[in-house]
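In the order they appear, the protein sequences are chains D and G. My numbering puts the last residue of the first sequence at 369; the count rises by one with no breaks. My numbering puts the last residue of the second sequence at 1089; the count rises by one with no breaks.
Hints are supplied without guarantee of correctness; some may be wrong.
As the list claims (entries may be wrong) - Below 20 angstroms or equal to it, Euclidean Cα-Cα: the simulated SDA-like pairs (lysine to any residue) are:
no. : chain 1 : residue 1 : chain 2 : residue 2
1   : G       : 1040      : D       : 147
2   : D       : 213       : G       : 1061
3   : G       : 1040      : D       : 193
4   : D       : 143       : G       : 1035
5   : D       : 193       : G       : 1020
6   : D       : 102       : G       : 1059
7   : G       : 1040      : D       : 257
8   : D       : 143       : G       : 1006
9   : D       : 143       : G       : 1040
10  : G       : 1007      : D       : 259
11  : G       : 1056      : D       : 205
12  : G       : 1054      : D       : 193
13  : D       : 193       : G       : 1023
14  : G       : 1006      : D       : 256
15  : D       : 102       : G       : 1040
Unchecked claim - Over 12 angstroms on every C-beta distance to chain G, these chain D residues come out as not near it, computed from the model:
no. : residue
16  : 102
17  : 121
18  : 122
19  : 142
20  : 175
21  : 181
22  : 198
23  : 228
24  : 234
25  : 236
26  : 256
27  : 357
28  : 358
Please keep in mind that the hints were generated in silico from the structure rather than gathered at the bench. Ideal Cβ positions, reconstructed from N, Cα and C, are used throughout, including at glycine.
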Amino acid sequence: MNVITASSTKDTIQEVIQDINQQIGDFDTKMLLFFASSKFEPVSIAQEMQNAFGNATVFGCTTAGEITTGKMLKNSVVVMAFNSEIIGDVKIEILENLNESKNEINKAFVGFENHFGEPVQNMDFQKYVGLILIDGLSGAEEKVMDNLGDLTNVLFIGGSAGDDLKFQTTYVYANGKAYTNAALLALMKPNVKFSFIKTESFCSLSNPLVATKVNEAERTVIEFNNKPAVQAYAEALNIPVEKAANRFMRNPVGLMMDTEPYVRSPQQVKGDNLVFYCNILEGMELSLLESGDIIADTKQAIADTQQELGSISALISFNCILRTLELEQKGLMGEYGKIFSEIPTIGFSTYGEEYIGHLNQTATMLAFQ
Amino acid sequence: MSGKIKKMIDTIIEQRSHGDSIIAGTVKIKLILKGINPDKFTQKSDDNPTIITKLKQIANDLGVDLYSGTTQQPPPKVSSSYQARSPRI
């Protein structure tokens, strides 16, 4: 066994670490990933996790709910320990100032080059893979992902840290420290094959919405199709404007790559404008989407990847909080957790998902053979 | 005039993907997320100057030389100020 998962719902950090230590035992950990409820004091948990597993590369972030093999949890800490059979090498870099993301990424890439002995620009995207954990309240995800994608063909997948729906502060953890307004990049050189899962449960309706006026910085669409955004959205759904907000979760919009959406979810109506969880650029043509069956679609995505890899020995899952809330509303949390009961899994409910770009209402996952 | 945008998009995808179909797919997604959907443009599409300007910027960001005549370019190097700190390996 090349990975071990552990979880704890104990109340204090000391109890949690003791609990997790017992579950991991004397496993020879090369890299330890953890996701922790924001109820745990951030500076302490960062320090204590590093102290407890100091021989490994330890990193993680705060969440809006945790995922472990077969279960969706709350107020817990979940852990995945990897040995060197699966993770040949890993290097962590922190982007501490997301307002200067391009410079920060340049610095991080020098760190990666120094560690791995080759420029990230030249790395083989089939031999290296990146994880990104980023402050979920920074609003910087699009820029960071865009900058990363400009500079390398190595793919970074991940999620935006949460804080249990308090929307106050989120943290990423590494080097025994807690960072906010920051992103963590973990560049890995696995010794096994890996694959990506991006799954969302939506089909495209036939009503295109073109963003004709936007405030990109505020993630706000002012006009779709040269009409007030909320009016155009409501008209496309054939509903009164007053009921538009009730349909956000069921009917987000998506940038279409063939038949596959890259989802942008409306957050709120502000006057005649629509504020999104993800920015929309002026001129973008979006499809109105209709929600489907999260359970069936996720099962299918996992099955496809199992077929591709032969088997999955470890899965890191970043599940949008809006998906989690929908599952909760429908009483499907247990059933969703069971999808992962046969696969060693770690994950969390995110404030945004990262895969090539910044996404909403999606689950992104990294699967190791 | 028409067709320039399609040509620019094709050049970006070709140069950045090194002929690899998986990377080419990724570059297409990157372009969509940057606001340019490659499938919306053909040889007959008008040479919209706003989109041409945007594509020039995207090409620059992606390290693609639209006028080099070469077909394969690696991603752009990190800025020289940070390169200078790298030890020789």
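If you check each hint against the structure, which ones fail?
Per hint list: 1, 2, 3, 8, 9, 10, 11, 12, 15, 16, 17, 18, 19, 22, 26, 27 and 28 violated.
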